[in-house]
Amino acid sequence: MGAFQDFTEFVTTSSNWWGDRGIVHRSIEHMRLSGASVLAASVIATPAAMFFGHVKRGGLAAQSIVNVGRAIPSFALLALLFPLSLQWGFGLGFWPTLVALVLLAIPPMFTNAYVGVRDVDPAIVEASRGMGMGERQVLLRVETPIAVPLIITGIRLASVQVVATATLGGLFGFNGLGSYIFEGFAQQNDGKLLTGAVGVALLAIATELVFSFIMRRATPWLAPKRDLDLLPPVPVPL
Amino acid sequence: MSFLGANGPDSLIWWDWVDRHREEIKQATFEHLRLTLIAVAVGFLISGALALVALRYRWTYAPITWITGVLYTIPSLALFVLLVPWTGFTTLTGEIGLVSYTLLILIRNIVAGVDSVPAPVKEAADAMGYRPVRRFFAVDLRLATPTIIAGLRIATVTTIGLVTVTGLIGLGGYGGLINDGIDRTFSTPIVVGAGLSVVMAVTLDVGLAGVERVLTPWARRKVAR
Chain A
587 MGAFQDFTEF
597 VTTSSNWWGD
607 RGIVHRSIEH
617 MRLSGASVLA
627 ASVIATPAAM
637 FFGHVKRGGL
647 AAQSIVNVGR
657 AIPSFALLAL
667 LFPLSLQWGF
677 GLGFWPTLVA
687 LVLLAIPPMF
697 TNAYVGVRDV
707 DPAIVEASRG
717 MGMGERQVLL
727 RVETPIAVPL
737 IITGIRLASV
747 QVVATATLGG
757 LFGFNGLGSY
767 IFEGFAQQND
777 GKLLTGAVGV
787 ALLAIATELV
797 FSFIMRRATP
807 WLAPKRDLDL
817 LPPVPVPL
Chain B
294 MSFLGANGPD
304 SLIWWDWVDR
314 HREEIKQATF
324 EHLRLTLIAV
334 AVGFLISGAL
344 ALVALRYRWT
354 YAPITWITGV
364 LYTIPSLALF
374 VLLVPWTGFT
384 TLTGEIGLVS
394 YTLLILIRNI
404 VAGVDSVPAP
414 VKEAADAMGY
424 RPVRRFFAVD
434 LRLATPTIIA
444 GLRIATVTTI
454 GLVTVTGLIG
464 LGGYGGLIND
474 GIDRTFSTPI
484 VVGAGLSVVM
494 AVTLDVGLAG
504 VERVLTPWAR
514 RKVAR
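As you go down the protein sequences, you meet chains A and B in turn.
So the first sequence is numbered by this note's numbering: it starts at 587 and just counts up by one.
So the second sequence is numbered by this note's numbering: it starts at 294 and just counts up by one.
Only chain A is shown next, with the shape it has when bound in the complex (with noise of 0.2 Å):
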């Protein structure tokens, strides 16, 4: 077991913690990256959702930005950000990065947000109308709450997979914790790589537990139904 040796070795020396390559610096890196990165989404991605859920259009649009969404595969997307950011003047690290997350991060919240406003009872929404409600408020106060556990779903989606894919971002200079394991690989040493590793499996395990309890916190009135809520949602078919 020498690389769990070098591994133990690696977190327990406190120069490892500190300074601009140490432990602490790149774990909030990495969170601000991600947190910037799902921000920014989520200003772009879920006002637009809801607004197409509540007037039912665009299914076809948003089935397809899944799919296409699904299909790109994420180290693809952030490999051809690079280049053109390059030839574009932006340069490396943080910047193409946050780009290439927020675009990914888009797909699993418009779904969640849209499916989620659509479909709201039929009933409901006819019985806001009759109590003399306007679009807006039928929308902002009888479809939105209905919708928040979906809606919180699709942003857990997305952080999760933006906080591992912030670990490519490495490749590209981003001092997050991915710069970790491309230092192990080029030094071949395992201590880094496990480190790398380590770090971003349970900040990604973190993010789960905060969005489960976000989600606990948010929708009280679901808790009877909730047995299983520690489990990663699987995006919602359309």
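Treat the hints with care, as some may be off.
For the chain B half of the interface with chain A, some residues (derived, Cβ under 10 Å), not all of them [stated by the list, open to error]:
no. : residue
1   : 300
2   : 301
3   : 305
4   : 363
5   : 371
6   : 431
7   : 450
8   : 461
9   : 486
10  : 494
Now the in silico label distances, taken between C-beta atoms and shown as ranges [unchecked claim]:
no. : chain 1 : residue 1 : chain 2 : residue 2 : range
11  : A       : 795       : B       : 327       : 32 to 40 Å
12  : B       : 479       : A       : 599       : 18 to 26 Å
13  : A       : 604       : B       : 359       : 32 to 40 Å
14  : A       : 727       : B       : 320       : 55 to 63 Å
FYI, nobody ran anything at the bench for these hints, they're computed from the structure.
None of the values given here were measured: they were computed from a predicted structure.
C-beta atoms are modelled at their ideal positions from N, C-alpha and C, and glycine is treated no differently.
Based on these hints, arrange chain B on the given structure of chain A.
Only chain B this time, still in chain A's reference frame:
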């Protein structure tokens, strides 16, 4: 990099390079397909066995989905890397990771498919004298086919994407092409690798949809909307 004008090494895709590397591209296609098919086939066998256990002994469903869920959550590159110190840069490393990702999707769809078979259908089969095991294979599983194939389609498309990541641990395939392009800051192999993996995903997805049509003749009228 010019989108218009002369096609050369600086173009997004340099057709001359593609032409001169046909063999390499064919080889990558073969490797990519092989890694994908092994992963989905092995994943389907394991998921089938685990789904049978979960259906027979219901209490095992929660722990099974929980464990496969954790595997599904671990980022692919991290999972491959966690295995590298022990199994090296081998196909085995890649396949262990790839198979793990298919499990959650497949098990859920098999169980959900079998669960969705209407009780009256099962009762009718029982009344016709089907014994439990035969009824399971002849009736339950048959009616669950659309859901199971939906799972296979998602698993296959997901696996094709993940196989590109195995290029980073030296397993070739389209990921090898992409990696090569990154190393040399040369966009043509990246575009070729990315484009062809999308083509492969769409082809296998449509192929599996065709298999579903053949296996579920009774559903055809419903599908044609």
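Okay, the hints, checked on the actual structure:
Hint status for residue 300/B: violated, given a least beta-carbon distance of 16 Å to chain A, over 10 Å. For residue 301/B, the interface hint is violated, the least distance from its beta-carbon to any beta-carbon of chain A being 14 Å, above 10 Å. The closest approach between the C-beta of residue 305/B and any C-beta of chain A is roughly 8 Å, which is under the 10 Å cut-off, so the hint is satisfied. Below 10 Å, beta-carbon pairs count as interface contacts, and residue 363/B has one with chain A at about 7 Å; its hint therefore holds.
A cut of 10 Å between beta carbons decides the hint on residue 371/B: the least distance to chain A is about 4 Å, and the hint holds. With its C-beta approaching chain A no nearer than about 26 Å, residue 431/B sits outside the 10 Å limit, and its interface hint is violated. Among the interface hints, the one on residue 450/B holds; its C-beta lies about 5 Å from the nearest C-beta in chain A, closer than the 10 Å criterion. Interface restraint check for residue 461/B: the shortest CB-CB distance to chain A comes to about 8 Å, inside 10 Å, so the restraint holds.
The restraint placing residue 486/B at the interface with chain A holds, with a minimum CB-CB distance near 6 Å, inside the 10 Å limit. At about 4 Å, the closest approach between the beta carbon of residue 494/B and any beta carbon in chain A falls short of 10 Å, and the interface hint on this residue holds. In this structure, residue 795/A and residue 327/B meet the distance hint of 32 to 40 Å, their C-beta atoms being roughly 36 Å apart. Here the CB-CB span from residue 479/B to residue 599/A is close to 38 Å, at odds with the stated 18 to 26 Å.
At about 36 Å, the beta-carbon gap between residue 604/A and residue 359/B stays in the expected band of 32 to 40 Å. Hint check: residue 727/A to residue 320/B, Cβ distance near 58 Å, so the stated range 55 to 63 Å holds.
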